[in-house]
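Since each chain comes alone in its own frame, lean on the hints to assemble the complex.
As they're listed, the protein sequences go chains V and A.
Numbering of the first sequence is given in our numbering, commencing with residue 14 and proceeding in unit increments.
Numbering of the second sequence is given in our numbering, commencing with residue 885 and proceeding in unit increments.
Treat the hints as calculated values from the structure; they're not laboratory data.
Treat the hints with care, since some could be wrong.
[Unchecked claim] Now the stretches of chain A that chain V is said to cover, found in silico as 3 or more residues with beta-carbon under 8 Å:
#1 1178-1185
#2 1203-1216
#3 1219-1225
#4 1242-1249
[Unchecked claim] Examples of chain A residues lying across from chain V (beta carbon under 8 Å, computed):
#5 Y977
#6 G1074
#7 T1188
#8 I1189
#9 T1239
#10 G1298
Computed from a predicted model, the values in this text were never measured in an experiment.
Cβ coordinates follow ideal geometry from the N, Cα and C atoms, glycine included.
The residues making up each chain are set out below.
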Amino acid sequence: MSTVITDDQFKHIAHLSRLTIKSEESFIKDQLAQAAEYVEVLKELNTNNVIPTFQVNHKKNILREDVVTPSFTQQQAISQAPKTKNGYIVTTATIKK
Amino acid sequence: MSDLNKLTIKEALTGLKAKKFTAKDLVVDCLSQIKKNAAKLNTFVTICEKEAIAAAETSDLSLPLGGIPFAVKDNFLMEGIRTTASSKVLDDYIAQYSSTFTSRLQAAGAIIIGKTNMDAWAHGSSTETSDYGPTKNPWNVDHLPGGSSGGSAAAVIANECIAAVGSETAGSIRQPASWCGVVGFKPTYGRCSRYGTVAMKSSTDSPGPITKTVDDAALVLSLVSGHDPHDATSINESAWQVPPVLKDLKKIKIGLPLAYFPKEIQPDVQKAILKSTEIFKKLGAEIIELPDVLDPKYSIAVYTILQRSEVSSNLNRFDGIRFGFDRSFFAQEAKRRIMLGTYSLSAGYYDAYYTKAQKVRTLICQDFDHQFSKVDAIIGPTSPCTALKLGASEGQAMFGELQDILLEPSSIAGLPGISIPCGFDSNKLPIGLQIICPQKREDIVYQLAKIFESNTDYHLKRPQL
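Only chain A is shown next, with the shape it has when bound in the complex (with noise of 0.2 Å):
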């Protein structure tokens, strides 16, 4: 058999379960894709065939995950591997110990078969930043495949792996799911642990899945998560359980924020989402238009403050000392976020800027809360635009943040999402449809996700390499 990379989770399962291929087929088929498209889309830092093979060579197909490859971003660590974050400071690292994220992957049989490409430090939304290249997005390779986690969603949608794993501190999973067209669930922050991933902003890093089907995640997602008493921020409960599909939306509210349609959107990416809402309301959910959630913009300014501060104190400890190289090998873009850190966290600009950042948090959750005493869910684009092309991230300084405009207060207010594929631009570039809903209301993301996967065909596209 051959392009056993194009399963899915629960199709590769199956096919293990019925004998009709093993294991180590299903990895050399996601290497031989890797290598494949390696100059042409770039998704990989790290390669671990020798390890993958061995472990399919071994693996209890009894598991969970038994036998499946996935994709790691390179901001997970795991004992023995090479972990960069897509800087040179890390050039050299091998990590000395793993993140909880892939530890427990591992046990539920999981085949790691490489650490995927990101913007450096996870500091942005379109992999350029990396110190090893951009990745390019499968569909069209002049164009972004968005980020941080862009070398995760470009794997997927490129079938060199069976799935993958992202972080999101606001938008890194969701939004290149989004351009790259697959499925991006950023779980409630303190969901999955953070014990083991290269801190960014500690107060919303939330690691994830990014797969070709809302199941996959869900899979994934109920494998992973759980208490860890190695992260203090995570959420004291065991992990969380698949809800049942849903049949149809009857009973169901979702919100309509207005202020998730700027002027500035791509028509098509609102033609798509408006479509999408008529399928929910086919489906029997109630469609409640929100025209006071609070602008978008004010979460950009909080979002950017509370990062920089963060990022200057957990960049910190990269001194060249104890591992990796000096800080002179920081690239432009981590530079100019730990110095803005600094200065708003410095005597005489901290109540005015740091706290007062706070205090606008505080004002987005109570909005959330507000709008979420209406609906069960909010629905909007995840991005406003599809795919950019390459160099567009370039000397802006806060591109990121310009661009993460939706999903950033969701991720300040800790709430779970998804991105699901919900159509195509006129250049044949994937939109994202989110789904946000309440702290730990998982189950709901997942429900309204699933039903509507299976009432469109999006998810089963793919790009022709």
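This is chain V alone, in the form it adopts within the complex (with noise of 0.2 Å):
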């Protein structure tokens, strides 16, 4: 059975990805049907019973030790954000007034 993505599928897609799809760009839709597709291939292996591998060394809960190291100035953190203001990074609003 072919895999579809409708056209709500594929902006609700675009819009969790934070993404703009451009109207050339909507055959992307369709190649994200085919991998899709494509993945099907899965479903020959049996996986009842298997534990997911998510970390091939695994490793698990790594923490750093709670001690200050030294960081970012406040100079080096703000110096590559498009605009600043005060010291600050000027972001988009994301509450309403």
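Encoded structure:
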């Protein structure tokens, strides 16, 4: 069975991805469906009772020592921000007045 | 003296110690080779001429890499140096800190002469998705260098540097090394720190060397590996040490997976690998056919899901607020990958895609465990074909995945591997042989690669430029 991604789904995925898809890029929708279809091949393998591997060298819960180490100065931290004001990074508003 | 850029690390170190030339001479020769070929090959995104000359003038030749010019893939951060990952999103980004890999390289005396071109964000196997134009293969400029570390591999074979740095997520060191006819050593996942590299697929990202010889790669690995507290997945071991060279391969069992010879394989490639098998046999190794290796097609699917998923998360941080440009600067390849990842991680699809892929990853790891209970190493073609022509990747949503079919299984399992030159096809394009070993067994990878190289001369060939 072929995988279909609807226009609404496509728009939703773009929204979740925070991407603007131009009209001439709408073919990406079909490519997504093709890729989704390709990976269907995994269904051939029985994975009942198989534990997923998220991490190949089996490390977990690595915490650093709770000690203060030198980090960026404020100047360094904001040096690459496109817009700054009074030593702060200017962001877009997330809450409406 | 001139043509110092043609030297290997070992040769350059010997010449420097004997005072036959200076570090500045070496740097100048590399820079002039870069400039000479710039329009033809497009290997570098940024050239660090001023910094390199200054470093050469004060270089400490007592250090293990003292005075050696390196090219670094443009996804390694170096404080004060532009780092773009070949994407316009980071066109003006000046790194605020340095990657562990390049810091260790510089602490060992290496001089970084520039940042090499790559597939944007390392998404690809052609260097054709770079926002700064494709790199051309020095063996034939109508052909691709492979990727994503295509700029680094091309720079090495074009003698634009003494050695280079690449990074691999699933083939991005070994495949361009194969297509350009150089050595690409991908260490065990966690052997070299990922700190300060632009994250792609964090669960398999592995930085490593691309060099002219096996010994050069091993030397670099011995100097940059070892635990790094800044990378939580870094292996808790000290630096890897270069093991002794083997005189023969008696008692060594080498596996030849039949599944790594798909019917689409280029006949010249198949022939070269079988000839390489004979060389190992003559050196005393027992060659064992592996008839039941899991079909690599499953690895393509696992890689596609996991890579897209991790990419959608990792690239989420690029918002154009703290650094770089906004998300409208992402090119098509990144958009496609972010969207597929977002889809596979979204509610209702997570188990069917993401969890299923992680389960199959377990099966891939178990399959390697099973195969390595029979053999010490696995060999095969690095790539099913030699360098394809420019334009081959265009419009193909899964070009990289299909190209890296023989590299994805070992990457997914975090295994160490190497690609070394093992022949040329009828168009005089290089062919690569890969050697894969169990996790943390870079010693066997090195020993097999080294003895093969000592008994062949493919690594000495250079393209006419």
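Hint by hint, here is what the structure shows:
1. 1178-1185: Coverage by chain V holds for the stretch 1178-1185 of chain A (4 residues, Cβ < 8 Å).
2. 1203-1216: holds (count 11)
3. 1219-1225: holds (count 5)
4. 1242-1249: That given contact holds, which follows from 7 residues of the stretch 1242-1249 of chain A lying within Cβ reach (below 8 Å) of chain V.
5. Y977: At 6 Å from the nearest chain V Cβ, Y977(A) passes the 8 Å test, so the hint holds.
6. G1074: holds (5 Å)
7. T1188: Where the cut-off is 8 Å and the nearest Cβ of chain V is about 6 Å from T1188(A), the hint holds.
8. I1189: Holds, because the Cβ-Cβ distance from I1189(A) to chain V comes to roughly 6 Å (cut-off 8 Å).
9. T1239: holds (6 Å)
10. G1298: Constraint on G1298(A) satisfied, holds at 3 Å.
Of the numbered hints given earlier, the model fails none.
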